[in-house]
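Student: With chain B fixed as given, assemble chain S onto it according to the hints.
Top line first, the protein sequences correspond to chains B and S.
Each residue of the first sequence is one higher than the one before, counting from 1 in my numbering.
Each residue of the second sequence is one higher than the one before, counting from 411 in my numbering.
Hints were generated in silico from the structure; no laboratory data involved.
Hints are supplied without guarantee of correctness; some may be wrong.
[What the hints assert, rightly or not] Short derived list, chain S residues pointing at chain B, Cβ under 8 angstroms:
no., residue
1, Lys-415
2, Asn-416
3, Val-426
4, Leu-433
5, Ile-446
6, Trp-605
[To be verified] What follows is a set of in silico ranges between Cβ atoms, one per label pair, in the way DEER data are often shown:
no., chain 1, residue 1, chain 2, residue 2, range
7, S, Ala-555, B, Val-82, 42 to 50 angstroms
8, B, Ala-92, S, Ala-555, 37 to 45 angstroms
9, B, Leu-246, S, Gln-427, 32 to 40 angstroms
[As the list claims (entries may be wrong)] Not everything, but these chain B residues come out facing chain S in the computed CB check (under 10 angstroms):
no., residue
10, Arg-69
11, Phe-128
12, Gln-251
13, Leu-275
14, Thr-276
15, Phe-278
16, Lys-286
17, Gly-289
18, Ile-335
Note that beta-carbon positions come from the ideal geometry of N, C-alpha and C, so glycine has one too.
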Amino acid sequence: MIIRKYLFDRLREFDWGYLGLAILLSSSGLLAIYSIEVQQDSSSGYFLRQSIWSVLGLVLFFGVYFLPRKVIHNLAYYAYGVGVVLLLIPIALKQGGTVSRWISIGSFGIQPSEFMKIFLLVALAKYFADHKRKLSTIKELMAPFAMTIGPTILVLLQPDLGTALVFLGIFIVVIFWAGIRPLYFFLLLTPIVSMIAAFQTVSFFVWMVLIIVILYFSNMPFWTKVFNFIINVALGGITNLLWALLKPYQQQRILSLIDSDSDPLGAGYQVSQSLTAFGSGGPFGKGFGEGTQTHLKFLPEQHTDFIMTVIGEEFGFLGVMIVITLFYFLIARLINHSYGSKYRFDSVILIGVAAVMVFHVFVNLAMIVGIMPVTGLPLPYISYGGSFMVTAMMMVGLSANMASVRRMTR
Amino acid sequence: MLQGKNIVEGWRSYLVQGLLLLLFLILIGRYYYLMIVFHEKYAEKATANHIRAIPVLASRGVIYDRDGNIIVDNAPSYTISVIPVEIKNKPESLDRLSEIMQVSVKEINRRIVKNRRGSFAPAKVFSRVPFPKISLLQEHRLELAGVTYSIEPIRNYVSDIDLSHALGYTREINRDDLERFSKDLDYQPGDQVGWKGIEKYYDSELHGQRGFRYIEVNALGQEIGEIVDRRPINPVPGHDLILSIDSFIQSITEKALADSSGSVVILNHETGEILAYASRPSYDLEMLSGRISSKDWNALRKNPRNPLFDRGVQGLYPAGSTLKPLAALYSLENLSNARDRTYTCRGSYRLGNRSFGCWKKAGHGKVDLHEAIQQSCNVYFFNLIQDIGLEDWAHLAREFGFGQLTGIDIPGENKGLVPDTKYMNRKYGEKKWTKGNLLNIVVGQGDVLVTPLQLAQFAGMLAQRGFQYQPHFVNKIVSKSGEIIRVNSKQAEKRVIASDESWAFMHKAMWAVVNGPHGTAKAARQKDWEIYGKTGTAQNPHGEDHAWFIGFSLDERYPFAWAVLLENGGGGGGKAAPLIGRILRSIARKDL
Chain B
1 MIIRKYLFDR LREFDWGYLG LAILLSSSGL LAIYSIEVQQ DSSSGYFLRQ SIWSVLGLVL
61 FFGVYFLPRK VIHNLAYYAY GVGVVLLLIP IALKQGGTVS RWISIGSFGI QPSEFMKIFL
121 LVALAKYFAD HKRKLSTIKE LMAPFAMTIG PTILVLLQPD LGTALVFLGI FIVVIFWAGI
181 RPLYFFLLLT PIVSMIAAFQ TVSFFVWMVL IIVILYFSNM PFWTKVFNFI INVALGGITN
241 LLWALLKPYQ QQRILSLIDS DSDPLGAGYQ VSQSLTAFGS GGPFGKGFGE GTQTHLKFLP
301 EQHTDFIMTV IGEEFGFLGV MIVITLFYFL IARLINHSYG SKYRFDSVIL IGVAAVMVFH
361 VFVNLAMIVG IMPVTGLPLP YISYGGSFMV TAMMMVGLSA NMASVRRMTR
Chain S
411 MLQGKNIVEG WRSYLVQGLL LLLFLILIGR YYYLMIVFHE KYAEKATANH IRAIPVLASR
471 GVIYDRDGNI IVDNAPSYTI SVIPVEIKNK PESLDRLSEI MQVSVKEINR RIVKNRRGSF
531 APAKVFSRVP FPKISLLQEH RLELAGVTYS IEPIRNYVSD IDLSHALGYT REINRDDLER
591 FSKDLDYQPG DQVGWKGIEK YYDSELHGQR GFRYIEVNAL GQEIGEIVDR RPINPVPGHD
651 LILSIDSFIQ SITEKALADS SGSVVILNHE TGEILAYASR PSYDLEMLSG RISSKDWNAL
711 RKNPRNPLFD RGVQGLYPAG STLKPLAALY SLENLSNARD RTYTCRGSYR LGNRSFGCWK
771 KAGHGKVDLH EAIQQSCNVY FFNLIQDIGL EDWAHLAREF GFGQLTGIDI PGENKGLVPD
831 TKYMNRKYGE KKWTKGNLLN IVVGQGDVLV TPLQLAQFAG MLAQRGFQYQ PHFVNKIVSK
891 SGEIIRVNSK QAEKRVIASD ESWAFMHKAM WAVVNGPHGT AKAARQKDWE IYGKTGTAQN
951 PHGEDHAWFI GFSLDERYPF AWAVLLENGG GGGGKAAPLI GRILRSIARK DL
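Only chain B is shown next, with the shape it has when bound in the complex:
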């Protein structure tokens, strides 16, 4: 009886927005994958499999939606623990020095790192809900930082730079949302900027001057300021060392951003062919199934990371704008709901999902047109890939759950 009432209430409160956006976006993805497949001699089976994953994703969307908040809250840390164990499995099973991103279950594999995104943001939400703090000291950041850095290191071992950056992205957005002081936030971000600036002498020098100025006007103890400054200089200094530790293909991905012609058949080749696909698509595209770049296999990984090139080439600027607008609505909705949530737990989950979405959408859409390094991040709902499709569906299911009208009363 109680359960029936709960389910009834949940259905009454149901937020059609998330479901609608998720269905529209995954339909666009299926259309693009179908376009790739329809022209190929032998069926790759991508369309069928992605359809199955989408349906499974929808089932899990409702599964997560109907999950009582209390259960989610209670199980958050356990789920996080399971996620870490799943991340450890490929490392434990590593063969011949290579770590797989996949755990094989029968004939298909799952990517534990995708599910870890949900587990991490729910765990962070629980932490911030349970510790009702305004994050006024650095010490209070230690636990959430530890929660984030663990999985980050594990995915870096795979090595999966993109997902590692997503984890860090979730952390940065969540602590900002949780109320970190702007100065602390700035200090937290400085090491990252220092490392990037260290690639070039002049920019590093300018950045260091900026840090000195800001530290000078801040009201921290003198030695804290000095310590902070030294950390930044040291980080800049060891950036080259870290650079040398990157895998050559990772270095190449970053380098090819700077000069996309430097490696015509590597990452630069991908981007160059991708630009051609988009540019030749023009305002309205070449029409469904007519993309020459797509069907003549000029684009590697066209069904995964470069899926948008199919939409760009065949449906033009108009098609791209529709997809971008849908993503904007989805993310803006998440942020609005997050701000409007009555409870902190809901709010952090919503902003965490928004962070994951922004990160994936922006990095993917930017890298395929050459304004970000090719980091290998798929586009939610659209790129081919079962684990991420399911994860993304679960994330919006979770968001719909958290954003239920009832609690949007602030």
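Tutor: Showing chain S alone in chain B's frame:
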């Protein structure tokens, strides 16, 4: 604490919303720039990406003899290439190819590196592959990923006549020629162009125009299919040439020359058509068509007998006594009492303290002009030239085409040398040359240099009483559809003016050379038709004398004029005259 309140400040939300908007505006701006502003540029790039124009070679014109028998046509030649990028992924293909072709993988790899034009473009590894190997390749094509073959037309020498020097050969066009030709003609890298002979001279007619078909390729450069909305451009085949060469005469001429070094040119003096043209030693055109190994090429080039040298138009020789008719004709026209003048030959002629010998050491005794021509008496002409100025002699020689190009339709002709006063002054200094030089010149020695073709033309003009017909190899140029593109003129272009009596005298004297009791060329005599001629024995500072025989027939069935040269062949009467005698006998026998 599930009931913990949300404490996010408004400014954080606005900042995050603002940042989101900024990021999306950046994206929109970038996509707008790419897809709207630069659409044209990328559209072109996408087209270039996937459309390839594949050249379709035009077939080269066929060369026929005068009777329409094929001398040269085209045959398919198979070329095997590999696509480097595909071989890289499938090295076992090379092992299989190596087995089939019986060539080591190392050698194949060396050729790939040598002919590589990029990872996706086929690199030639074997050319002129025999068909059975291609069948084998077809059978095993599944194990030969990245190995392709193509068919190119190459020259096919159908006829058993040799005619190498006149026909010439084709070669793949080189960069220089490409720059030179491409101004007015459609030549592309990889085209075969005429390199020597008729193939070169008539290349623009023979060449044709390549066509294109448009195919769609994928990122690996693999063919997907024809492009439907882009019509292929069909190749225009080259025009056919109908030569003046008579295969029968050519064939017996080649047989008659056999292994000697020398040249025979037989032409129709009524038209200028070249009926037979041989230069020996010769070379195998088959070997030079398409690709020749550098070893074979060097062997040809360094052969001391110089087979690549076209003696008929490039070889410069002293003419010897074959030039005596020049002075004879001059005297008939310009000196008083010329036909009755007699000189006594005692075997040599003294000029100052030098002695100039006649070929007959015992001397010819008292000879007139007729006898002097028939017996080729040097002393008579030594005397005669005393009354002729060098300038006048040289003028007449030039009128007969010596010292200038005949304009024959093959490239590389030499114009020879007719020494005149200006030339002698330049060479020896003014007044430094003497009557002695003149004595050599009048008997075709000294500075005089002629080609066999020039002498054949000379013989023809004597036959035609001074009318000159342009010697030529090609009678007609005909398009593949049968349209006649060009007919080489059969009209006389020039004439050396002399009286009928003079011509008649010359003919009679030259008849006597062959038919007279003391004639030097009795071996050229024919049973039922009249042969006219003049022998020559050209002294050669480098070795034994060159044997010459020039002549003609006025028989209406056989309006032939010829020049025969046998390098180091000794006496003209002894070697050259019998050779043409054999050829003429074969011609007559065939017509019986």
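Student: Now tell me, hint by hint, if it's right for this structure.
Tutor: Here's how the hints hold up against the structure:
1. The interface hint given for S:Lys-415 holds, since its Cβ lies 6 angstroms from the closest Cβ of chain B, which is under the 8 angstroms cut-off.
2. Of the supplied interface hints, the one on S:Asn-416 holds, with its beta-carbon coming within about 4 angstroms of a beta-carbon of chain B, less than 8 angstroms.
3. Below 8 angstroms, beta-carbon pairs count as interface contacts, and S:Val-426 has one with chain B at about 6 angstroms; its hint therefore holds.
4. The criterion of a C-beta within 8 angstroms of any C-beta in chain B is met by S:Leu-433, whose closest approach is roughly 5 angstroms, and the hint holds.
5. Among the interface hints, the one on S:Ile-446 holds; its C-beta lies about 6 angstroms from the nearest C-beta in chain B, closer than the 8 angstroms criterion.
6. With its C-beta approaching chain B no nearer than about 38 angstroms, S:Trp-605 sits outside the 8 angstroms limit, and its interface hint is violated.
7. In this structure, S:Ala-555 and B:Val-82 meet the distance hint of 42 to 50 angstroms, their C-beta atoms being roughly 46 angstroms apart.
8. For the pair B:Ala-92 and S:Ala-555, the beta carbons lie near 39 angstroms from each other, so the given range of 37 to 45 angstroms is met.
9. B:Leu-246 and S:Gln-427 have their C-beta atoms about 34 angstroms apart, which keeps the hinted 32 to 40 angstroms range intact.
10. Nearest Cβ of chain S to the Cβ of B:Arg-69: about 6 angstroms, under the 10 angstroms cut. The hint holds.
11. Among the interface hints, the one on B:Phe-128 holds; its C-beta lies about 8 angstroms from the nearest C-beta in chain S, closer than the 10 angstroms criterion.
12. Proximity of B:Gln-251 to chain S is violated relative to the hint, the smallest CB-CB distance being about 23 angstroms (cut-off 10 angstroms).
13. This hint holds: B:Leu-275 has a C-beta 6 angstroms from the nearest C-beta of chain S, less than the 10 angstroms allowed.
14. For B:Thr-276, the shortest C-beta to C-beta distance to chain S is roughly 5 angstroms, which falls under 10 angstroms, so the interface hint holds.
15. Interface restraint check for B:Phe-278: the shortest CB-CB distance to chain S comes to about 5 angstroms, inside 10 angstroms, so the restraint holds.
16. Checking B:Lys-286 against chain S by beta carbon gives a least distance of about 9 angstroms; that is within 10 angstroms, so the hint holds.
17. Interface hint status for B:Gly-289: violated, as the beta-carbon distance to the closest one in chain S is roughly 14 angstroms, over 10 angstroms.
18. Interface restraint check for B:Ile-335: the shortest CB-CB distance to chain S comes to about 6 angstroms, inside 10 angstroms, so the restraint holds.
Consistency note: the structure conflicts with the earlier hints numbered 6, 12, 17.
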